[in-house]
Amino acid sequence: MNATKDNIVETKPVEFNEEEFKQDLTALIPHLRAFARSLCGNATLADDVAQDALLKAWNARERFIPGSNLKAWTFTILRNQFYSIKRRSWRATSLEPEVAEQTIVANSDAEQSMHLNDLRRGLDMLQDDQREAIILIGASGLSYEEAAEICDCAVGTIKSRVSRARKALEVIMESGNFDSDADEVRAIDAMDTILKEADAIAEG
Amino acid sequence: MTENKTSKAPKRDDLGDVFTNEELPEKIGKNLREIYDNVVNEPVPDDFLNLLSKADEKTG
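One line per chain: the protein sequences are A and B, in this order. The first sequence finishes on residue 234 if you use the numbering used here, and the numbering steps up by one all the way, no holes. The second sequence finishes on residue 1108 if you use the numbering used here, and the numbering steps up by one all the way, no holes.
Bound conformation, chain A alone (with noise of 0.2 Å):
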């Protein structure tokens, strides 16, 4: 029986089966699509990079290791076209909040999406390694390991940048610092020392 069963092992490696990798891959565009929304707030540019991150993971399908998760290598995919879209042009495209109020008010009640908004905003203020880890812990339902694989990155460290993102996060919904009719720059620069103060408790 033991015989068997390491035979089976052994002798049947999970095959690379392209029809089936393309089945996956499409159920997992909606995750594509919330990772890139939640990474970026503007539905357009994050939807951009979903359909390049996708096209890139297709065209690397055989480099895909079959029975490996794929998941985690399509986000690994996804995040780094992200991060080399936002270095290329990002000052150019991607503060625009009404674009990202106008997709979050799509999708709910008034009342909760100006909440949704207010934590949308709060996201936005986080450093990029907190931000992604808060988001892949916090609401894509990935496991520690799977999202240090992700940021290529140790366990330790994804634990600690999400608990410093929940601190800074906590401290800026705290602060209930949202005045839509704020001066941005102003508004900018009170998180700024707000988020030095929660860099401080968290290494403290």
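Honestly, the hints are just simulated from the structure, not real lab data. Watch out, some of these pointers could steer you wrong.
[To be verified] DSSO-like cross-link-like pairs, simulated, lysine-lysine; straight-line CA separation at most 27 Å:
#1 A:Lys52 x A:Lys86
#2 A:Lys226 x B:Lys1078
#3 A:Lys52 x B:Lys1078
#4 B:Lys1078 x A:Lys197
#5 A:Lys189 x A:Lys52
#6 A:Lys197 x B:Lys1075
#7 A:Lys189 x B:Lys1078
#8 A:Lys226 x A:Lys116
#9 B:Lys1078 x A:Lys101
#10 A:Lys189 x A:Lys226
#11 A:Lys101 x A:Lys226
#12 A:Lys226 x B:Lys1075
Add chain B to chain A, keeping to what the hints say.
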């Protein structure tokens, strides 16, 4: 003629309502998942599906 009768957009001292009966960390966690899940539950735009079928034609 009270002054606060025609209060404009209230400052965020309505946060008390926002977080009623819910600790801030839980509220943040819930909203975070909601932002993500809202997108997961959106119908997938045709662009995405077309992308894969087009890529298929090219390579196949």
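Item to check | Given hint lysine 1078 (chain B) paired with lysine 226 (chain A) - CA-CA distance at most 27 Å | outcome: Satisfied, since the Cα-Cα distance of roughly 25 Å is no more than 27 Å.
Item to check | 27 Å Cα cutoff - pair lysine 197 (chain A), lysine 1075 (chain B) | outcome: 13 Å, holds
Checklist entry - Is the Cα-Cα distance between lysine 226 (chain A) and lysine 116 (chain A) 27 Å or less? => result The given pair, whose Cα atoms are some 23 Å apart, holds under the 27 Å limit.
Item to check | Holds or violated: lysine 101 (chain A) to lysine 226 (chain A), with C-alpha atoms at most 27 Å apart | outcome: Violated. Lysine 101 (chain A) to lysine 226 (chain A) sits at ~34 Å, over the 27 Å cutoff.
Item to check | Straight-line alpha-carbon gap lysine 52 (chain A) to lysine 1078 (chain B), limit 27 Å | outcome: 32 Å, violated
Checklist entry - Does lysine 189 (chain A) pair with lysine 226 (chain A) here, judged by a C-alpha cut-off of 27 Å? => result 19 Å, holds
Checklist entry - Do the alpha carbons of lysine 226 (chain A) and lysine 1075 (chain B) lie within 27 Å of each other, as the hint requires? => result 23 Å, holds
Next on the checklist: Between the alpha carbons of lysine 189 (chain A) and lysine 1078 (chain B), is the straight-line distance 27 Å or under?
Outcome noted: 19 Å, holds
Checklist entry - Does the alpha-carbon distance linking lysine 1078 (chain B) and lysine 197 (chain A) stay inside the 27 Å limit? => result 15 Å, holds
Checklist entry - Within a Cα-Cα threshold of 27 Å, do lysine 1078 (chain B) and lysine 101 (chain A) meet the stated pairing? => result The hint holds at about 22 Å.
Checklist entry - Is lysine 52 (chain A) within 27 Å of lysine 86 (chain A), Cα to Cα? => result Holds - the C-alpha atoms of lysine 86 (chain A) and lysine 52 (chain A) are around 13 Å apart, at most 27 Å.
Checklist entry - Holds or violated: lysine 189 (chain A) with lysine 52 (chain A), Cα cutoff 27 Å? => result The given pair, whose Cα atoms are some 33 Å apart, is violated under the 27 Å limit.
When held up to the earlier numbered hints, the structure conflicts with 3, 5 and 11 and fits the remainder.
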